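J.: If you want the building blocks of each chain, they are given just below.
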Amino acid sequence: MSDYSPTILQGQQTNDDEILAKTPLDAKALGGDSSVVIMELLQRFKVRDVMKRQVLSIPRKATLREAQRILRENHISGLPVSEDGRLYGIISVNDIINGLDHGWMDDTVDMHMASSLVVLEAGMPISFALRYFNNYTYGRFPVLDSNRQLVGIISQRDVMRALLYELSVEIRKLERKTADKVAQPAPPSETHFFRREWAVVHNDLTGAGRAANEIKQLLREKKVDRSVARRIAVAAYELEINICIHSHGGVLVMVISDNAVTITAKDRGPGIPDIEWACRDGTSTANDWIRSLGFGAGMGLSNSKRVADFFEIESEVGKFTKVTCAFNLKKLEAPAGGTAS
Amino acid sequence: MTIADVVKVLNGKLMAGDGTSPRVVGAVVANDLMSDVLLTDADDVLLLTSLASDQAIRTAHIVGAVGVVIHNAKPLSETMIKVANDLGIPLVSSPLSKYDACVKMHDAFLAEARG
Amino acid sequence: MTAAEIAEKVGGTVAVAADGAQATSVYVGDLLSDVMGHAGEDCVLVTIQNHLNTIAVCTLVGCTVLVICHSRPIPPDMAEGAAREGVAVVVTPLSQYAVALALKELPPSTH
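Residue numbers (my numbering), protein chains in the order written: chain A, 1 to 341; chain B, 1001 to 1115; chain C, 2001 to 2111.
No lab work stands behind these hints, which were simulated from the structure alone. Please read these numbers as outputs of a predicted model, since none were measured by experiment. The C-beta atom is built at its ideal place from N, Cα and C for all residues, glycine as well.
Now the in silico label distances, taken between C-beta atoms and shown as ranges:
(1) B:Leu-1110 / A:Val-37: 54 to 62 Å
(2) B:Asp-1107 / A:Leu-117: 55 to 63 Å
(3) A:Gly-207 / C:Pro-2073: 30 to 38 Å
Restricting the straight-line Cα-Cα distance to at most 16 Å, the calculated cross-link-like pairs of lysine to aspartate or glutamate (EDC-like) are:
(4) A:Lys-322 / A:Glu-197
(5) A:Lys-61 / A:Asp-106
(6) A:Lys-61 / A:Asp-84
(7) C:Lys-2104 / B:Asp-1107
(8) B:Lys-1104 / C:Glu-2105
(9) A:Lys-61 / A:Glu-83
If we strip away everything but chain A, and leave its shape as in the complex, we get (with noise of 0.2 Å):
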């Protein structure tokens, strides 16, 4: 159900659930051209083209009893408050329960709408509003145009609808590109195989930590033997955290095929100057602040490599560090006739 309808943004009315079932889960096609494609989006996208245009609205002197009519009708949640274009401030649902509380439902709505009001721009890119989202708690904001005529209201929901649209269709162009290349059948090794990309962020420690997470829950599903998962998780989270604290950003990848599972971290830079120096136990170059999130004790690497049965490093200074951790799903075979200890 969408807010505020009608709205003139036809084309993108697409189900939600639709496009995410559009949308390859397995992005792999994708490469580090991801994240790219993302900012991209954030920035060639306005806000005006996102925002619903159509929006209702109330004017100054209507009761709050006609607010609640006009919310209830259209199931949403906030009206702005205008006249003529120009915006006056807004009700939400919160006033009206607040009136019904207190007696206040003849009064008119400027007595009690909220009139200090944070605002977009329709010309602002989405990157902007979804910072709006992100510092202030209200669910929509208002859109002016460059004259502060009301001309159109965002919410989180538009934006994210838009963007999910518009992502599949990007994925779609480039899992082509790679299609053509990548034509040959994959070596005989990995035939049966699975793999998964999860996109780690520079400074994200709220974030960081949700692929080792995610993958012990697709190891178990996938019924690996629990110890083993256990330290494919734990290598999977050492070396997420290490991107996240130590990189410009990277991607965490799990291919899963008959025998293996491997786990690799590739980042893009700034690179590691001595690789013995940083494999080894206790040395860090993290600060407090990273220290204050309970990691930087310099651990990181030497924990993956202690828990995997294959560990390789590489690093280019100013490029990239990539570091591949690989675990054995069989356990060797116990001779004939014989018991395995």
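Based on these hints, arrange chains B and C on the given structure of chain A.
T.: Using the frame of chain A, we list chains B and C on its own:
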């Protein structure tokens, strides 16, 4: 000792999970450094920590912990509680210090062993 | 309790000795901001943080005995800082939990 018993012993408050988990605490890890927690080989760990962040919950999930206790009645963010609920990790807030909690957990283990 | 007595109880060694270093209570913590906020004077600080910053925190809260767990090595600058500031450092193979149990006759530190 289940998570419900832990809540009682540490004078705590259950912030995530419903407290009916039948899992029994097999080992106690008292640590604020998540890399160090990841090093533990123990199963069914109860994590006692002062790290009131999502990372404590995520680490607990990786090592398959029975639950997480946050000390000194530190305020817990809504996202931390949400992550705990999403990952199915019982989360307890205790007014005790970590040291006090270690001693009380040990005493409770001894009492349990004595029947 | 002196540093030597503490070392004996936790099965550790005194890595840095300090004259008159004594502890009357215990605080267990690895987040230095948390330690600064909650540890009181004359406590023994039990931690995994083998770092010079830990010595700075000890001097700020008035703690003269430090126990480093899991046999984490003491870097030279940390040992020098400890000696200079009169903080005794004990290194033990035990975990923080095990050290807490070994010291349980001491009361919790109050701020």
